[in-house]
Amino acid sequence: MKREQPPIEAELLEARESVTLRELCQACDIEADYVIEFVEVGVIEPHAGLRPNEWRFPPRSLARLQRAVRLHRDLSVGPAGAALALDLIEEVAVLRRRLRWLEGGPFD
Amino acid sequence: MEYKDYYSILGVERDASADDIKRAYRKLARKYHPDVSSETDAESKFQELQEAYEVLKDPEKRAAYDQLGQGYRQGQDFRPPPDWEQHFDFGGGGFTGGDAGAFSDFFESLFGQATGGGARGFGGRGGAGGFHGRGQDHTARVEIPLETAYSGGQHTITLQSPESPARGNVQARPRSLNVRIPAGVTDGQQIRLSGQGGGGIGSGASGDLYLEIHLRPHRLFRPEGRDIHLDLPIASWEAALGATVKVPTLGGEVDTRIPAGARSGQRLRLKKRGLPGSPPGDQYLHLRIVAPKPETDEDRELYERMRDQMAFDPRAGLFGRAA
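Just so you know, the protein sequences line up as chains A and W, in that order.
The working numbering runs 1 ahead of the 1-based position in the first sequence.
The working numbering runs 32 ahead of the 1-based position in the second sequence.
Just so you know, the hints here were simulated from the structure itself, not pulled from any lab data.
Keep in mind that the hints are not guaranteed to be accurate.
[Unchecked claim] To be clear about the criterion: a stretch of chain A counts as covered by chain W if any three or more of its residues have a C-beta under 8 Å from a C-beta of chain W, and this derived list gives those stretches: (1) 20-33; (2) 39-45; (3) 54-60; (4) 76-86.
[Stated by the list, open to error] Listed below are the simulated DMTMM-like cross-link pairs for lysine to aspartate or glutamate, each with C-alpha atoms no more than 25 Å apart in a straight line: (5) K304(W) with E15(A); (6) K304(W) with D88(A); (7) K63(W) with E104(A); (8) K59(W) with D88(A); (9) K278(W) with E336(W); (10) K325(W) with D263(W); (11) K77(W) with D137(W); (12) K54(W) with D137(W); (13) K59(W) with E15(A).
[Said to hold, decoys possible] Chain A residues, not near chain W, derived (Cβ > 12 Å throughout): (14) Q6; (15) P8; (16) I9; (17) G50.
Think of the CB as a built atom: it goes at the ideal place given N, C-alpha and C, for glycine as much as any other residue.
From just these sequences and the hints, can you work out the full model?
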């Protein structure tokens, strides 16, 4: 009989106070200079630290930066364009969700 | 194996110029990119586009594809001639973008597997080399039921993991993982599975796997951050007179007091009945007053008595009259 593997423990990123520049570089597989470019155009913003090696970012920055890197890689969107696209994508996601609720209420 | 018509995938003619192909790819890539698109099959569609572009943007690959594919149509059964690869040299061209491990069998039979670049996940640096190094971090999206987000629990996911063995060939292999989801995860948040990413090089440690969590739409509850919203139907007399009614929450049924004189659209808050966390979310009840259809003569008489007795004009606000 096949024995079931014990589940893999997962860490909720949001439960942490912050993520480091190094973690962002590793998770996105990019160099620090590239992350700094994204910081300069406001794709992500550090919430602590003055210099890049001291920077700490809100955990949600990671998903946002990964998305920006994918937009850059797949669609040739530059950092400033990625910042704009991400803001719009997030806004559209909220609006789409609200629209789905309004159109498909469970008691209609 | 099925023949893939890369021209029709990109929506271009067979004699399209390199610029036409690039333009068509860019346009469709914007439409189907999984980070942008709301189409349900965006991910597979985008992969198909990348595969088509990978071939048609490269003059050598395109020439080989054109020669071999003469007379074939999309979906038709296809076998490459046994010695065809000798005529073309794809060495050194490598793969320039995307998750090459996810390309089709058709692609692999024509052009072999991706070389160089390493397992990309969402990355770009590649990884092979004669040194020890930490494995790449990988990222994937998973959809979980809202109930799992509330109470935490095990969830099995299957990933197409690109793997890069010694010679750098990328192979996609389905991998099942049984993950313990922490309670209180909300839509769009990420969880990290330490050491479950790409394998390290030499004695280097494995990378991590990041899972972006998406909550499956629920029949009743609408999550917003840690808060949960629910439309609560109530009878007109419950709204008028007040009532204690049973309300579903993620943690089970609770009794809730509807205040007398409740209005449709009014919101009631059940404190700390949303997703757990610090602080926990609340559950909001959106009241919807429902009037029953009269089934009997007595029902109809009751409505008639209300009509005659109550001076109520629900449309007063439309005409600037006092309600």
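To see whether the hints hold, each was checked on the structure:
| no. | hint | in the structure |
| --- | --- | --- |
| 1 | 20-33 | holds (count 6) |
| 2 | 39-45 | violated (count 0) |
| 3 | 54-60 | violated (count 1) |
| 4 | 76-86 | holds (count 3) |
| 5 | K304(W) with E15(A) | holds, 19 Å |
| 6 | K304(W) with D88(A) | violated, 30 Å |
| 7 | K63(W) with E104(A) | holds, 24 Å |
| 8 | K59(W) with D88(A) | holds, 20 Å |
| 9 | K278(W) with E336(W) | violated, 30 Å |
| 10 | K325(W) with D263(W) | holds, 20 Å |
| 11 | K77(W) with D137(W) | holds, 16 Å |
| 12 | K54(W) with D137(W) | holds, 24 Å |
| 13 | K59(W) with E15(A) | violated, 35 Å |
| 14 | Q6 | violated, 6 Å |
| 15 | P8 | violated, 4 Å |
| 16 | I9 | violated, 5 Å |
| 17 | G50 | holds, 21 Å |
The structure shown violates the earlier hints numbered 2, 3, 6, 9, 13, 14, 15, 16.
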